[in-house]
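**Student:** So the protein sequences, as listed, match chains H and P. The first sequence begins at 4 in the working numbering and counts up by one. The second sequence begins at 12 in the working numbering and counts up by one.
No lab work stands behind these hints, which were simulated from the structure alone. Where hints are given, some of them may not hold.
Over 10 angstroms on every C-beta distance to chain P, these chain H residues come out as not near it, computed from the model [said to hold, decoys possible]:
{"hint": "1", "residue": "Gln-47"}
{"hint": "2", "residue": "Phe-164"}
{"hint": "3", "residue": "Val-204"}
{"hint": "4", "residue": "Asn-213"}
Partial pick of chain P residues on the chain H-facing surface, computed with a CB cut under 10 angstroms [as the list claims (entries may be wrong)]:
{"hint": "5", "residue": "Leu-25"}
{"hint": "6", "residue": "Val-156"}
{"hint": "7", "residue": "Ala-254"}
{"hint": "8", "residue": "Val-297"}
Cβ coordinates follow ideal geometry from the N, Cα and C atoms, glycine included.
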Amino acid sequence: MKATSPLMMGWKRLLSQPLACVSLCIITLIVVLCFGASLFSTHQPEDQHLWVGALAPMSSHSSLVAIQKAEIGVLPKVHPSLSQYEQIKYSFKKEAYRELRIALHRGLIHRMFWVEGAVAIDSIAIKELENVRQRFRSGQLGHDLPELKLQMGNPIPSQLFQKNHPVIFLRFYSGSAQSGQVELNLDRGLVQTIVINGKEVESWEERAENIYHVEARGETQQLFHLLGTDRLGRDLFSRVLHGGQISLMVGGVATLVSLIIGLFVGCLAAISKPLWDRFLMAGVDVLYAIPFMFLVILLLSLFSRSLLMLFVALGAVQWLTMSRIVRAQVKASLNLPYVDAARLGGASLYAILTRHVLPNIAGPVIIYCTITVPAVILEESFLAFIGLTVQFNGRSLDSWGSLVHQGMQSIGSGGEQLWILAVPSMAMVVTLLALNFLGDGMRDALDPKDDHG
Amino acid sequence: MSWILFKRVGTMVLTLFCLCTITFFLVRLAPGNPFESERHLDEVAEKALNARYGFDRSLPEQYFMYMGHLLRGDLGLSTKFQDRTINEIISSHLPVSIALGALSLFFAILLGVGSGIFAALYRGKGWDLLIMSLAVLGLSLPTFVIGPGLQVLFGMKWPILPLAGYEPGLTHLILPAITLALPFAARIARLTRAGLLDILGQNYIKAGRSRGFGTTRLVFVHALKGALLPLVSFLGPAIAGVATGTVVVEKIFQIPGLGRDFIESALNRDPFLVLGTALVYGVFLVFSNFLTDLLTLWMNPRLRGPS
Chain H
4 MKATSPLMMG WKRLLSQPLA CVSLCIITLI VVLCFGASLF STHQPEDQHL WVGALAPMSS
64 HSSLVAIQKA EIGVLPKVHP SLSQYEQIKY SFKKEAYREL RIALHRGLIH RMFWVEGAVA
124 IDSIAIKELE NVRQRFRSGQ LGHDLPELKL QMGNPIPSQL FQKNHPVIFL RFYSGSAQSG
184 QVELNLDRGL VQTIVINGKE VESWEERAEN IYHVEARGET QQLFHLLGTD RLGRDLFSRV
244 LHGGQISLMV GGVATLVSLI IGLFVGCLAA ISKPLWDRFL MAGVDVLYAI PFMFLVILLL
304 SLFSRSLLML FVALGAVQWL TMSRIVRAQV KASLNLPYVD AARLGGASLY AILTRHVLPN
364 IAGPVIIYCT ITVPAVILEE SFLAFIGLTV QFNGRSLDSW GSLVHQGMQS IGSGGEQLWI
424 LAVPSMAMVV TLLALNFLGD GMRDALDPKD DHG
Chain P
12 MSWILFKRVG TMVLTLFCLC TITFFLVRLA PGNPFESERH LDEVAEKALN ARYGFDRSLP
72 EQYFMYMGHL LRGDLGLSTK FQDRTINEII SSHLPVSIAL GALSLFFAIL LGVGSGIFAA
132 LYRGKGWDLL IMSLAVLGLS LPTFVIGPGL QVLFGMKWPI LPLAGYEPGL THLILPAITL
192 ALPFAARIAR LTRAGLLDIL GQNYIKAGRS RGFGTTRLVF VHALKGALLP LVSFLGPAIA
252 GVATGTVVVE KIFQIPGLGR DFIESALNRD PFLVLGTALV YGVFLVFSNF LTDLLTLWMN
312 PRLRGPS
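Using the sequences provided together with the hints, build the complete structure.
**Tutor:** Put into structure tokens, the structure is as follows:
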């Protein structure tokens with residue numbers, strides 16, 4: 004009969020549990036999706052499409068950039084997916100409007116001015132509401148109200164109010180519209196001719212919101228958003244995958260940090276003299292009683308919010324339990340006959356620890372690690388949710404926690420745009436659920452004595 | 012017994028001292044100036060402000076001054092809310108947080124112990140499986156997913172409870188308390204089930220059963236006290252978790268509690284308000300850990316033996 008190590012036996016027992024197997028597959032899938040994000044999503048997580056705003060899952064829009072620019076003889080400014088084509092056709096419809104910028108301060112109108120020419124005004128009464136539209140908000144104003152009166156220092160009418168938007172733009176359309184088609188002919192990426200409504204011109208520039216259709220090589224060119232977009236028009240699928248990278252990486256690395264510190268302190272306490280052992284463990288007891296989550300919040304909000312700081316802060320919280328487990332296990336193992344046998348055989352203390360004791364206590368340590376990973380992911384997203392996102396190169400890296408927070412802020416008062424909240428929430432819940440089920444399965448497989456709980 | 016008590020009190024005092032010292036130096040050594048956001052601050056005014064808060068002295072001097080005030084129960088002045096002392100701010104916001112925490116702990120214990128007993132009684136049956144799966148789901152649902160979810164369900168789709176904000180009374184606390192309670196209810200249910208199953212397998216229960224005692228009497232009179240022992244030692248971490256959770260729940264439901272003060276003052280760099288709120292949390296948690304320890308010792312005489 005072939006000899007099997009306890010770990011191999013545990014692995015086989017794990018594979019015999021269907022729930023743990025499914026969880027393992029789901030976790031593998033999520034890890035592959037997140038870390039191969041650029042393979043599975045053509046969108047960049049930070050690419051904004053302000054003019055489309057929040058799009059529901061499974062929807063698409065024209066492949067545009069904020070401002071399309073073309074000039075004969077140079078590279079055009081179009082969406083990267085279009086530059087390979089020899090001919091691009093844009094259909095546009097331009098409506099003439101004037102834009103009013105309204106700045107708010109604590110819900111009161113603070114300043115108003117016409118964007119064109121920057122003419123400040125004190126008050127305005129708007130009567131023909133069907134020609135007025137609010138930028139970044141679909142649908143027309145004025146179905147339920149006869150007129151709007153805006154006065155400096157007065158509260159903003161609730162119909163215009165948008166959560167977390169300190170500035171509101173109103174557009175007054177004059178009714179005359181201009182429409183047509185632009186044809187760009189390209190050769191090796193450079194613009195050859197620009198034709199607007201049959202007339203050749205030297206240069207062309209158009210904002211994305213005026214273009215409603217893009218065509219190249221006889222096909223409609225569109226961008227597809229599997230899980231929709233957020234309020235700034237950023238692709239949610241790619242944001243969730245990139246956010247997952249941060250969450251999973253923090254979970255893994257912080258667990259590793261806690262494992263290393265915990266193993267070191269635990270082993271040290273177990274093999275040193277009783278006085279030192281008691282001293283070390285009393286230190287652990289004192290640290291244990293300190294509410295660490297508050298210290299981590301302090302560390303991150305007062306000092307730098309780098310990845311390194313996060314790993315250290317979260318790892319430093321988790322190593323305490325790990326060191327207790329390791330110490331208890333090592334201490335128990337050191338009294339077993341096989342350690343005596345190794346000692347009689349002339350093995351050094353280091354060799355006994357690394358070659359004999361540590362492999363034997365791997366079970367409980369692995370179990371604790373699988374519990375730690377979801378706990379750390381939860382803690383990191385907790386921090387991200389309250390606004391303590393990791394900063395890297397001067398910008399915040401959004402993890403699942405901050406995506407959930409953004410989702411919570413973009414929900415309308417009637418529960419509209421629910422997917423912005425639901426998508427990152429689901430990603431998180433599924434991952435944590437799978438990790439927790441795996442942890443349970445791991446405990447049943449590696450610690451067969453404990454058959455309930 | 013008195014030796015154990017002495018040791019616990021000693022550890023508690025040491026922990027509190029470490030907590031105050033670590034937090035003080037963390038806050039005071041942090042880069043940045045609390046008056047940064049004040050516009051047009053001339054040199055004289057800045058000097059006056061620094062003198063008012065003691066920032067013109069050396070760090071050790073500031074530390075001893077702060078500790079001295081702390082022993083007299085004075086938490087100092089806020090740099091942001093210059094018209095109120097920190098004692099006033101905290102004493103007006105702390106009761107809200109305590110009400111929220113207590114209510115959610117109550118929900119968690121009620122729901123957790125109830126469903127735990129139920130699952131243990133139907134061990135291996137459909138109910139057990141359902142409750143335990145729900146418990147794992149509860150463990151995996153972060154409060155900041157449950158909170159907005161409940162807001163959408165009960166504040167928007169079926170508007171029966173207030174969406175956010177706070178007014179004295181229970182209605183504004185129900186959703187936040189449930190949000191906070193669910194993850195702990197899940198843990199308590201698992202602990203209760205495991206503890207009860209452990210006890211129900213023991214000989215004295217079998218003896219009771221052979222005498223013809225009914226299941227209700229066996230569970231509620233004989234088994235439950237022993238089964239709840241692991242739960243009592245979980246109470247310390249649970250209180251700590253609920254306290255941490257109030258920070259995020261207060262943010263979600265816009266409740267003016269201590270947690271919001273803590274986060275906002277940390278982000279605003281309001282040094283003494285951060286210190287004050289962190290210390291209130293710290294003292295509360297250390298003290299509740301101490302009480303939990305005493306409760307465990309009282310309920311389980313086996314732990315009192317010579318260590």
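**Student:** Against this structure, judge whether each hint is valid.
**Tutor:** Okay, the hints, checked on the actual structure:
no. : hint    : result
1   : Gln-47  : holds (26 angstroms)
2   : Phe-164 : holds (15 angstroms)
3   : Val-204 : holds (49 angstroms)
4   : Asn-213 : holds (34 angstroms)
5   : Leu-25  : holds (6 angstroms)
6   : Val-156 : holds (4 angstroms)
7   : Ala-254 : holds (7 angstroms)
8   : Val-297 : holds (5 angstroms)
Checked against the numbered hints above, the structure violates none of them.
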